[in-house]
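Trainee: Working from the sequences, and respecting the hints, build out all of it.
Here the protein sequences line up with chains A and B, keeping their order. All you need for the numbering used here is the position in the first sequence, starting with 1, plus 32. All you need for the numbering used here is the position in the second sequence, starting with 1, plus 42.
No lab work stands behind these hints: they were computed from the structure. Be aware that one or more of the hints could be misleading.
As the list claims (entries may be wrong) - To give an idea of the interface, some chain B residues facing chain A are shown, with a C-beta separation under 10 Å as derived from the structure:
(1) L88
(2) S90
(3) R94
(4) S103
What the hints assert, rightly or not - Covered by chain B, per the in silico footprint, the following chain A stretches (three or more residues, Cβ under 8 Å):
(5) 56-66
(6) 78-91
Claimed, not checked - Stretch-level coverage of chain B by chain A, calculated; a stretch enters the list once three of its residues show a Cβ under 8 Å from a Cβ in chain A:
(7) 62-74
(8) 78-87
(9) 114-126
For every residue, glycine included, the Cβ atom is placed at its ideal position computed from N, Cα and C.
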Amino acid sequence: MKSSKTTPPLLLDWFISGICKHEVFEIVQGDLYELYERNLKKHGALKARLLYIRDALTILRPTLLKQLEGNYQLNPYGMFKNHFKTSCRNLKRNPLFTIINAVGLAISMSVGIMIIVFLSELYSVDDFHEQKDQIYRVTTTQPGLMGDQIDHLATASYFVADQAKSEIPEVEKVAVMSWRFKADVTFSDKRVALSGFYATPSFLDILSYPLQIGHPQSALDQPESVLLTASAANKLFPDTDPIGQWVDLAGLGNFNKGLVTGILKDPPANSYLDFDIVLPMQSNPMISTQFRSNPNNTFENYVYLLLNDHADVEEVATKIAALLAEHPYDMSRVKHTLEPMGSFITGAKMNANGPTFSSRNVDMMVGLTLIVLLSACFNYTNLSLGRSLRRLKEISIRKVNGATRSQLFTQLIVEAILVSLLALILGIALFLIARPLLLSQVNDLLQDRSFFLLNLSWIKISYFTLFALIIGLIAGFFPSWILSRLKTSLLLNDAGKIKLLPGMSARKVLITFQFSLSIGLIMCAVMVYQQYKFAIHYDLGFQTENIVNVNIHGDYMELLEQDYKSLPQVLSTARSQAVLGLRGGQFGNAISEDFQDTTMYSCNYVGGNYFDLHEFTPVEGSVFFKTDSANSIIVNQSFLKALNLDTAENAIGTKVRLRDDQQTIVSIQGVVSDFMGVSLDFQMPAPFVFFPMASGQKGTLGLKIATDDLLATMTLLEKYYQKYDLVHPFNAQLYDDQLASNYQQLQSSYTLISLLAFLAISISTLGLIGIAIYTLESRLKEISIRKVLGANTQSLILLLSKGFLIMISLATILAVPVALHVVDEMLLQSFFHRIDIGLLEISSGFVIVLLIAALAVCTQVRRVSVQKPSEFLRDE
Amino acid sequence: MKDTNLGAFEELVLLAVGSLGDNAYGVTIKDALVEQTGRAPSIGSLHSALYRLEGKGYLTSEDGGATNERGGRRKRYFQLSSSGKKALEAAHELRTAFSSKIPGLNLKNS
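Mentor: Right, here's the structure in full:
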């Protein structure tokens with residue numbers, strides 16, 4: 033320490049020597065030291081040091097500082113220009129390699145882009161509500177009505193809404209909304225079909241659906257008030273002022289005249305709720321005082337709470353539970369929770385009033401995307417390392433010529449970033465190509481509403497660019513680091529001996545994992561597709577071929593039927609209330625006349641020759657409803673079995689009591705054999721009852737068609753239809769198409785899974801090619817010697833593909849049980865009638881991946897094995 | 043013209059180097075300047091001026107021996123070059139010619 037006091041500050045010296053011009057520094061420092069010694073004698077150590085520091089700092093002026101040179105210049109334009117140029121040349125020299133790399137990255141990047149766009153839209157749902165953070169929906173968890181499952185409902189009882197408003201201080205406002213309804217609204221000669229819900233006046237206070245015209249305080253006050261959205265109002269009142277006009281409402285029970293009191297702005301595309309019309313809750317026929325006071329009526333209403341900004345959500349939920357506990361009914365099986373507005377869409381509730389996209393799906397999507405992206409990065413690394421064996425000489429010559437490690441590193445990184453930017457452009461193009469497909473699939477999954485737009489904006493594109501830069505950095509880091517680290521002498525000496533990567537086995541594990549992913553996805557796709565084919569070709573037990581179903585919305589069905597019968601293309605017709613084989617249906621309860629046996633049944637109301645048209649298999653009695661057969665029914669065999677009516681012969685004429693009041697007594701007129709009355713993923717009671725259809729009922733008109741020109745026939749049918757109905761668009765479909773659309777979701781999953789499988793295969797194949805190239809390049813000499821000793825191409829292919837075969841087999845063993853489980857538990861869990869899983873389904877993934885991988889490996893092996901051995905051996 | 047331009051401080055440094063003859067290096071130049079002007083220039087500004095003047099060709103320099111008190115660092119001796127002398131003369135002429143135009147200013151004996 034003592035000696036340091038007599039020497040000038042060394043740290044400062046070191047600093048100055050680093051930044052000062054070299055030729056100046058020594059002289060200046062000499063002067064400084066001389067002055068220091070002088071000051072030391074004159075003023076003592078401390079002052080001398082301070083003076084030294086003062087003098088030394090005065091050196092820091094532009095003329096005396098080092099000029100930045102070469103790559104130390106502050107403006108590194110020259111360096112980047114050079115890197116850019118050499119990178120471009122390198123990429124151009126190996127076009128195949130560049131394309132494989134860029135395409136691999138592009139495919140996964142398009143997935144990344146899709147997910148970024150999708151998630152940003154998913155999480156911006158309802159962002160326009162000003163009080164979004166304070167809005168909660170009361171949800172209900174209770175035992176299901178059928179079976180022993182637990183229902184998670186988005187609804188809650190009106191009782192809770194009333195109580196929360198009056199008893200819980202944290203609750204500022206409460207809005208109650210009903211289920212969505214459909215109504216025909218008429219004004220003078222205009223008639224439009226609208227959908228919407230009943231809501232309490234506070235709906236306008238809590239949610240930010242602003243009124244264009246009208247007063248928020250009074251718009252929903254009167255029982256006859258009607259709120260319309262701007263677009264609905266434009267349809268209904270093209271040239272009149274809508275406010276204060278009376279409209280007719282049809283299809284809403286007792287509420288049939290309404291006064292327009294306000295026009296709402298159209299809800300934005302990212303609105304969770306979707307509606308054209310809002311009616312006051314007080315005119316909802318379902319809501320009576322009795323209904324409101326029963327906390328068991330949890331199924332009909334959505335309760336939105338606006339909490340004050342310092343409310344504790346848990347506490348409010350506890351208070352709601354306490355309110356229920358006080359009720360005289362035993363409410364212990366009903367649990368209420370508060371769901372924040374931000375998670376409505378991911379809440380996955382049974383009867384949600386908006387689109388649902390469960391958070392499990394979101395997690396799955398993000399997870400898959402990350403896997404895809406990381407695999408792609410990993411593949412880039414793999415491929416680059418494989419190819420870099422050929423570039424070792426280039427790199428060593430660069431080194432010999434004086435390139436520093438950081439320069440080499442930057443050059444390789446710039447190359448990777450260039451590839452990833454190229455991939456980004458390709459990726460955006462791929463995304464734009466796939467966008468319409470994705471859009472239809474995604475919106476199909478979400479109640480068929482164009483909820484997602486998947487729009488690109490410049491801000492998003494700049495995010496993607498950042499994203500691509502990061503991907504480039506990640507992908508390029510490892511090869512650049514390894515290659516720039518290598519010693520020159522080693523490189524020039526014997527490139528063959530260098531082990532670039534010790535972790536060969538780790539890479540193999542990763543490739544195996546990628547393969548099992550692709551095998552699993554292929555299996556899922558194959559099984560879902562098989563189930564889809566199975567479902568649409570399922571023998572329902574009645575004929576649907578060449579039958580067109582026309583939706584009828586009014587009481588004119590029989591008139592239209594007569595008109596259609598006169599057409600030469602229509603062979604026969606039959607009326608029915610519902611279309612069998614689709615999702616849903618009606619059901620009821622039947623009791624045998626002696627009260628001994630009881631059963632649930634599904635039912636449909638049909639016209640006379642329904643059984644004839646659909647070619648049901650008659651078993652006994654008459655299967656034709658005559659006009660006087662009002663109290664007769666036609667049943668299937670399951671029904672007889674359920675009511676213990678032993679033989680079909682005896683059953684004819686048997687009386688059966690129906691419905692809960694047990695008042696209606698009907699007699700069995702005929703029996704048909706069993707058939708499938710609902711879609712395969714929908715459970716309904718198997719006993720089936722057909723009732724005669726009363727005249728004037730709405731429903732479906734089935735037409736057996738014989739025509740070569742379906743389109744012209746449809747146009748003709750539409751023309752007749754429009755004689756009776758101008759409000760509802762003509763809606764006619766082939767029965768078979770309707771059945772197929774049952775399984776739309778299955779088809780959507782199939783498309784999405786195939787897409788993913790395609791991605792996974794592409795990526796894992798690229799990875800395999802990477803490994804293959806690497807293996808081959810590092811075994812060039814061995815292969816050459818083998819060839820000299822007489823090995824032919826086939827034996828080489830066999831030799832080199834053995835390892836890959838093992839990897840793929842291992843991947844299959846891993847993938848099969850997981851895929852079977854996923855298909856069983858997640859994809860087809862709702863189907864009661866499933867395909868048998870056979871060898872085809874299990875081996876599909878293995879065979880496809882094996883073929884593709886074999887192709888990939890063989891082309892690489894061939895490429896090497898046709899080269900002359902002398903090329904590689906001449907240096908020895 | 044920019045290169046031959048001589049600043050006031052640079053002129054003083056040139057004068058100091060010229061007056062010191064063979065013994066002109068950083069510390070002695072500094073001392074001479076303190077002695078003549080009464081103000082001490084900082085080491086940084088002095089060396090930057092020397093560096094600039096050498097660049098303009100008014101000074102030449104050669105390495106001298108290292109001494110112990112300098113921590114083993116060599117000295118660099120500076121000398122006035124012929125163009126440096128010319129520049130001093132030109133500067134002096136410019137001044138006298140310019141100031142003679144000021145009426146009532148007697149510079150003859152200075």
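Trainee: State for each hint whether it applies.
Mentor: Quick rundown of the hints versus the structure:
1. L88: 8 Å, holds
2. S90: 4 Å, holds
3. R94: It holds, given that the least Cβ distance between R94/B and chain A is near 6 Å, below 10 Å.
4. S103: Holds: closest Cβ of chain A sits about 9 Å from S103/B, inside 10 Å.
5. 56-66: holds (count 10)
6. 78-91: It holds, with 6 qualifying residues against the three required.
7. 62-74: Satisfied; 4 residues make the cut.
8. 78-87: holds (count 4)
9. 114-126: It holds, with 4 qualifying residues against the three required.
Every hint from the earlier list agrees with this structure, and none is contradicted.
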